[in-house]
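*Asks:* Residue numbers (our numbering), protein chains in the order written: chain G, 1 to 308; chain L, 1 to 265.
Rather than coming from a laboratory, the hints here were simulated on the basis of the structure. Be aware that one or more of the hints could be misleading.
Here are the simulated lysine to any residue pairs, SDA-like style, with alpha carbons at most 20 Å apart [to be verified]:
#1 L:K91 <-> G:G209
#2 L:K91 <-> G:I301
#3 L:K91 <-> G:F112
#4 L:K91 <-> G:K163
#5 G:K163 <-> G:G209
Covered by chain L, per the in silico footprint, the following chain G stretches (three or more residues, Cβ under 8 Å) [said to hold, decoys possible]:
#6 8-17
#7 54-62
#8 65-79
#9 163-175
#10 231-243
#11 288-294
Residues from chain L that face chain G, not an exhaustive set, calculated with beta carbons under 10 Å [to be verified]:
#12 F58
#13 F157
#14 R219
A virtual CB, placed ideally from N, CA and C, is assigned to each residue, including glycine.
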Amino acid sequence: MEIYLPIAEQSMNVFVLLALGGVAGLLAGMFGVGGGFLATPLLIFVGIPPAVAVASQANQVVANSVSSLQVQWRRGNVDLRMGLVLLLGGILGSSAGVSLFTYLQRIGQIDFVIAVLYVVMLSAIGALMLYESLRTWLKVRRNPSAPRGKLHTHYLVHRLPLKMRFYKSKLYISALLPLGLGVAIGILSAILGVGGGFVLVPAMIYLLGMPTTVVIGTSNFQILFVAANVTFLQAATNGTVDIVLALLLILGGVIGAPIGARLAARLPGVVLRGLMAVLILAVAGQLLVELVRTPASPYSIGLREALP
Amino acid sequence: MKRLVSALLVAVCLSMPAAAQRLEPGTNGLPPSVPAMTQTPDLVMDLSQARVSITSAFQGENILLFGMFDPPGEVVVVVQGPPEREIVMRKERFLGLWLNTGRQGFDDVPAYYYIAASQPLQRLLARGIGGEILSLADRMAQVRSVGTREDMDLIRFRQGLVEVKRREGLYPAAIGQVSVQAGRLFRVELPFPSRLPEGTYDVRAYLLRDGKIVAAVSRPLPVGKVGFSARLAGWASREGPFYGIGAIALALLAGWLGGAVVRRL
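Please construct the entire structure, taking both the sequences and the accompanying hints into account.
*Replies:* This is the structure we're talking about:
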């Protein structure tokens, strides 16, 4: 069944889009991170213009993060103070990111930048995850009863000014650190259409040293508002948010999430992380191939302009 | 022929009054099936649809162009989309990666171009009709380049533009076939792809006799989004910020509801 996407200006199979949303939801249900980092490249693979894919995916992230924030908020797992500092950075970063996006689009380099950023990011994350899960798997096989070591022992020594107390996270660190992190995630979010949870969550644990209990809730808080900001700015400046596309992705995600959660409960964590690492690496590899392979035609059409 | 018709007329007038009355609705007292000698144009055409409506279910469509001409002659049909400025990008390998390094703008590029003829076009055009009826290649030669660039390179960019448009189905097959039936009825399918630029398209039919255009008819064909698609796209382009807020509100609602439903299950 085909549906015409009014902003992407092309027709697309409904079930393909639902499946893409479903994959994102599956990941969200399995690992608690939004699947945006996988859904955006997949959307580009099926032929949605990158600008529309990124902007509509940001809209999908809004829906994705509000439903998990709901749960986290009720459990009191949101460090509001930390969230607000991150958010301030996120708003700055994503606003700059949308401007950068618009500029890159005008000079015709946006597709390239998106692809390169994805290849770098996905291969780094995929390789790390694969390495970690293989190591754990080998360790468990060799000595199943070995006690699990500390997850992290190194806290960065923060000598930056503007120290702030974050009671819920039990931290006394420079506000510049979460602010800077927020800016970086904001830019990433604007250009790639991702929430950024897959970068934000490890950064909050290892870089800021936040307790894991509040990490998910707080990152959800930041992601929700940053994604909303990206959606708003993309719609206002580039007009690339396709509501129909976003709704189909959201619907797919709603279906996929509980399946992911059920799978996560059934499969051992190591296997799960290994599978996800392979999936991420496959997408990165495919994007890399597209960048390196000689294209069928070196020509393409940039932004269309009506004659004055 | 003329004498025959006059004879028929006389015969009809002299026959029973009831029959004459029945014939009255026809022009000049003639039954509609008999062509009037002077009033009927040499060439008439129509489309199976007055417009191309891009609805939520749109996935491209074929529109039938049909008509009638006075033989002898050949029919050529030309359909053009609105002229646009197109920016053509060219990729080159840089440090092993392909990225856009060149760009060239063209003005007056038809958004869509389709030409069909009842006889091989080369043969028709060889008789020196050019100027008015243009093959795709001739039409593209008229496209103006923005800025300056070396001639050979400009030609490559122009070819690149045609390639991309052809891939998108906007410059369908070099030359279509107009089929002629009973020596005077003609028809041709106009193929429109799913990714169709909006605007008013120009549909033209020409009647050629001995290499000269003896008749031409044209009509506009509006292409545009209608219904839900049109409202949404219109909203997005007119009131971007409000559309953005709407999109966020919708996502919040969908996420909230979706989460609630899933937790119930």
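*Asks:* Against the structure, test the hints numbered earlier, and report the numbers of the ones violated in rising order.
*Replies:* 1, 4, 9 and 14
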